[in-house]
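Protein chains: 2
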Amino acid sequence: MRRQSDQPPVRYELIHTCKQSGARLGRVMTPHSSFLTPEFMPVGTQGTVKGMSPDELDQMGARIILSNTYHLWMRPGSNIIREAGGLHRFMNWNHSILTDSGGFQVFSLALPKNIKEDGVRFKSHIDGSVHLLTPEKSIEVQNDLGSDIVMAFDECAPFPCSHEHARTAAERTTRWLERCVTAHKNPDKQALFGIIQGGVYPDLRIQSAKDIVSFDLPGYAIGGLSVGEPGDLMYRMLEETVPYMPGEKPRYLMGVGTPDYLLEGAIRGIDMFDCVLPTRIGRNGTVLTRNGRLIVRDATCANQHFPIEEDCDCYACKNFTRAYIRHLIKAGEMFGLRLCSWHNLRFLLRLMEDIRSAIREDRLIDFRNEFFKRFGYLPK
Amino acid sequence: MRRQSDQPPVRYELIHTCKQSGARLGRVMTPHSSFLTPEFMPVGTQGTVKGMSPDELDQMGARIILSNTYHLWMRPGSNIIREAGGLHRFMNWNHSILTDSGGFQVFSLALPKNIKEDGVRFKSHIDGSVHLLTPEKSIEVQNDLGSDIVMAFDECAPFPCSHEHARTAAERTTRWLERCVTAHKNPDKQALFGIIQGGVYPDLRIQSAKDIVSFDLPGYAIGGLSVGEPGDLMYRMLEETVPYMPGEKPRYLMGVGTPDYLLEGAIRGIDMFDCVLPTRIGRNGTVLTRNGRLIVRDATCANQHFPIEEDCDCYACKNFTRAYIRHLIKAGEMFGLRLCSWHNLRFLLRLMEDIRSAIREDRLIDFRNEFFKRFGYLPK
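Which chain is which? The protein sequence lines are H and P, in order. Taking the numbering used here, the leading residue of the first sequence gets 678, the next gets one more, and so forth. Taking the numbering used here, the leading residue of the second sequence gets 678, the next gets one more, and so forth.
Since the hints were derived computationally from the structure, they do not count as laboratory data. These figures come from a predicted structure and were not determined experimentally. Please note that the accuracy of each hint is not assured.
Quick look at which bits of chain P chain H covers, simulated, 3 or more residues with Cβ under 8 Å [to be verified]: (1) 720-731; (2) 744-757; (3) 761-775; (4) 779-786; (5) 818-831.
Heads up, the beta-carbon is just placed ideally off N, CA and C, and yes, glycines get one too.
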């Protein structure tokens, strides 16, 4: 259902619910683009999806990317991006951008004693300079960046962590969300998404979902998963949490991921995903195929004068062979990493297209079972 | 004049001679493309012009690239490229390819005692394995690669070197050319170019030109220049040598270059050039502009929200600012190096377009003087 009432900057339209799985096909509309969901968002940490041009991302079908507030705040600085007219103009990307809060990065950089109610004090990974990231500062930077979707500053508890630690982090996340809402200067053009925490404890997840959803925001995310816990535990947390998330808003599972997580997430009602996987493994000369991962730099590819995947429509597969790409990677040539990243990004975007088709045709469970069998995952 | 008689694989057509400079506008036709001359050839050492896709090279107007026999022989091996159907198919480049002989690289790797009449014994830069490069081997590898233009295996004397050393090298180059001609298995589809040597000694240059031209090949190159000698000395060598090169064949000045060398070479009757400069300095965050070199990584560019060059038609200038490109380079992002290389390659290809227009309009000396003044070169 499309909300017509208050016209928030990001809206969600439900198109179809898969009768076999309960997964949902929908559409998210932002000030810069609309895209069908479930969808995967390529990650452009420093204002560029590593190795790719914005035109190439457009050609492969990407309509939303994620960029990292912490990295852009540290370098080049949000003032420079604000002067440039925002991140869209700075990087020449005309579709949607979601920015994270920077919380995930600064929590990994900060000493425990420097994580306080006010915010997190940390040292820059670039020059060691000391900075304080607060809910207000995170929103200020994201307002400068001008992203379509602004993520709330949250406390992401590690895995494993105690019930007490997870509860404290979830409760602080709620208090920080209130400060984010107050600090947000551009709610008409940038949609603030709240983040549900609670570790791997169902009672905390449910309470956090209730608390976060009470803010009536344009969308909600599930954070603190895919941080090292077993897959089954993550799936259970989704099953506990999603029912408390409103059906008329997009649901975003942060930092996911791998083909199995994308499929299992979609089955459990998730609409949006992001992960560095396709470009990170691409830069190491590893590619995703329907038959599992392939290490293109391996000697077996040296004489393979055929594409990574015969039926793939990506630029790498339509124009180059495994033998050539392996040569480029062995020779340390940038173009080889670019081709592997290109294929991996397109692989995941195609997987999402297939997931959406399967939802529309009420056969997502069948699709998952077939995909897992061929890819080499153990069936659930 | 177009040669109709024996239809060699590469032909040259003279279109116009500049009345002001004597420079010539022409066209070179190969089995894979035709291109106007004077022309600059981007260098794709390992079967890829660093950072660029073949489509991008096509878009920016490149119609011939150079690739390095030594590198491709060592890795991935010419057998793999032969199996792939040749270098054009291996790297998916449908226009022309010129391959060097590998001589320049192996001479720099070999001990003096291992440079003999038979050939050059050297250690691979990859694994230290010992190989022998002979005229026959160089041609065999280039036949496997299937390049449109095959360069003869020559002895490139260093600078400075004695008259005796330069003479010995030039004479051996002639003897080796005879062996190259004999070894060449594909003269109908691949044009063998001879290389004139002779160091910086006019008498040797003239003798070498006479000796090499006596072979009646489809084209001739001038080697052993741009190896550290002063520019004026190089220009004088061109002036001594070019008159002995036939007007109906293309003339290629190897390893050049910089904008001043390209202009002065064209003025002295050269048709083809190659150099790693645009991608090498691009990868260091330096770009060429009409007003001289610009170090994009410098802090002055941090707030420059405008292109490298306002009137440049390259992808980098049409879509991105100096501030963004500087950010990418500072952040170590591949895409920044790609954009700098893109601009530099297009800058040199545009310079060649401008040179050709100036020849057509009999004003190449004026053009050179204006270009030098703006770029910051001292006028000749």
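Against the structure, the hints come out as follows:
no.: 1; hint: 720-731; in the structure: holds (count 8)
no.: 2; hint: 744-757; in the structure: holds (count 4)
no.: 3; hint: 761-775; in the structure: holds (count 5)
no.: 4; hint: 779-786; in the structure: violated (count 0)
no.: 5; hint: 818-831; in the structure: violated (count 0)
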